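> Spelled out, the chains give:
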Amino acid sequence: MNTIALNLKDSRTMLRRNLRRLERYPSMTVLLIGMPIVFLLLFVFVFGGQLGQGLGEEFAGGNSGRQAYLNYVVPGILLMTVAAAVQGTAIVVAMDMTGGITDRFRTMSIARGAVLGGHVMASLIQTFIGLAIVLVVAVVLGFRPTADPLDWLGAIAILGLFGLGLTWLATALGLAAKSVETASNTPMFLTLLPLLGSGFVPTESMPEGLRQFAHYQPFTPVTETVRGLLTGTHIGSNAVFAVAWSVAIIVASYSWAIHLYAHREPA
Amino acid sequence: MSDWAIAVGGLHKSFGETVVLDGVDLTIAEGTVFALLGPNGAGKTTIVRILSTLIAADAGELRVAGHDVDADPEGVRAAIGVTGQFSAVDDLLTGRENLRLIADLKHFGREAASARVDELLERFDLVEAADRHASTYSGGMRRRLDLAMTLVDSPRVIFLDEPTTGLDPRSRRTMWEAIRGLVAGGVTILLTTQYLDEADELADRIAVLDGGRVVAEGTPAELKRRIPGGHVEFEFASATELAAAASLFDGAAADEDRLTLQVPDDGSVASIRRLLATLEDAGVEVEHLEIHTPDLDDVFFAVTGHATAEEVAA
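Protein sequences, first through last, are from chains S and U.
Quick note: the first sequence uses our numbering, first residue 4, plus one each step.
Quick note: the second sequence uses our numbering, first residue 13, plus one each step.
No lab work stands behind these hints, which were simulated from the structure alone.
Watch out, some of these pointers could steer you wrong.
[Unchecked claim] Here are the in silico distance ranges between beta carbons for each label pair:
no.	chain 1	residue 1	chain 2	residue 2	range
1	S	132	U	43	48 to 56 angstroms
2	U	180	S	28	27 to 35 angstroms
3	U	98	S	215	20 to 28 angstroms
4	U	70	S	181	31 to 39 angstroms
5	U	177	S	182	17 to 25 angstroms
6	S	163	U	197	30 to 38 angstroms
[What the hints assert, rightly or not] One side only, chain U facing chain S, incomplete, derived with CB under 7 angstroms:
no.	residue
7	96
8	104
9	126
10	250
11	281
Since the structure is predicted, the reported quantities are computational estimates derived from the model, not experimental observations.
All residues carry an ideal CB built from backbone N, CA and C; glycine is no exception.
Please model the entire structure based on the sequences and the hints provided.
This is the structure we're talking about:
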């Protein structure tokens, strides 16, 4: 077998292991997917009526009040789902690191990247399950996307690409953490970023400074791209920035994670 | 050099300012069990971690199973098996799944993998527990599973870092038997332990490690010969008899509180018969006698000048 085939085989083995672990430790998945659903309900039913009034025609698209806001906020909630799910990645990776099992893997001749690759693939699958559940809840609440199949494919692709970046980032954070507790806290800032971007309200309504930050941080172009694909708002250059940010985060986080894995002190 | 399963020359390792290994040399012949014996902090685990490619040495010529540890870590990894101090099993998987995971990572085919897994479950007495999560296993079962995982692809060189620490005496015996079984199969084992009886029991050769250096090396018998300490201890009913007995032997040490007398002796039947005859001729009655052959505790004290970790802690 050549190197690539071996790498795929080992990654598949590790993926199988990690999926089995997720299946046997469901409370974490439930908790991580529950969080964005709570935010969705909170923002739509508590704040949505009022917030919907303030949306310009660009986003309201003929709806008003709560219905307009529901359509607006769902992409933000989807991004929050991705950010919440990768918190689980950091925890699972750190759990593995602090136990002896990773030291065992590191003394075995396993294809480079397969151990972490297995974590990342399993997390990504978990993220997509989370996204599907959140979308179903949104549709039940009345979310009505205008996307055609190609738009859906585009939205899945960009969420997958950005999700892959955040998952590698969380993997690196999990590796860098000294304990499982730290690992569960460090990626938490990621779940705040949809709020400090265009996830919940248009960035134009924010004060100077915050607006600049919100405008340029990576969650915003991704949110705008997903929003455009699902509900037909203007995308413009956001798609390019969304892809560029995702690729940059993947490359940087992957290199960081692989370095940490190779040089980590044993448990 | 090719006859050595493990060859270590001039191994140095520091963590920051702390020197952990200060020029260690070791050669371990193929098919033998070599014990690294030393208290906590002596550097045993660091040696295992370096030789098993987990951490890099600062300096040293290191070869394991014919591969240079620094230049060809993958070659080393393919040839070794490691059972660390901390159990390296996946708690959320069953015993069978843990073994299967390793078999898959070692690229066994489907049928070969399940045959090997069944064989190891059988050999390590885990058949009944095979389909329970490892989190429900007892300490001894976890260690056995851990060792079984190490053995999946029959590695030529096996590292066992304190394989019985924290186990109850019965589980310890079971581990010892398992380790002896491996040796019969011709593999080379590097074992670390703080238990002197364990090294004595299992090892062909022992290196005593203290403060990052090898302070003594040899077979258990050689190490024992290096130190005096063999004696027979007699116990008497009264101080009068103790005094009478003490006057019969040169170099005997009397303990007047315990009414005992220690007489230097190699512990052989002939010499004990002689000692008893001498006492009987003098009309001294012995209540009780105990034969003390030098053990590795004595060795440790003799070569390091201080007691072992357990005694220091106590």
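> For every hint, state whether the structure bears it out.
Verification of the hints:
| no. | hint | in the structure |
| --- | --- | --- |
| 1 | S/132 / U/43: 48 to 56 angstroms | 52 angstroms, holds |
| 2 | U/180 / S/28: 27 to 35 angstroms | 30 angstroms, holds |
| 3 | U/98 / S/215: 20 to 28 angstroms | 48 angstroms, violated |
| 4 | U/70 / S/181: 31 to 39 angstroms | 24 angstroms, violated |
| 5 | U/177 / S/182: 17 to 25 angstroms | 23 angstroms, holds |
| 6 | S/163 / U/197: 30 to 38 angstroms | 49 angstroms, violated |
| 7 | 96 | 5 angstroms, holds |
| 8 | 104 | 5 angstroms, holds |
| 9 | 126 | 14 angstroms, violated |
| 10 | 250 | 58 angstroms, violated |
| 11 | 281 | 48 angstroms, violated |
The structure fails hints 3, 4, 6, 9, 10, 11 (numbered hints given earlier, in ascending order).
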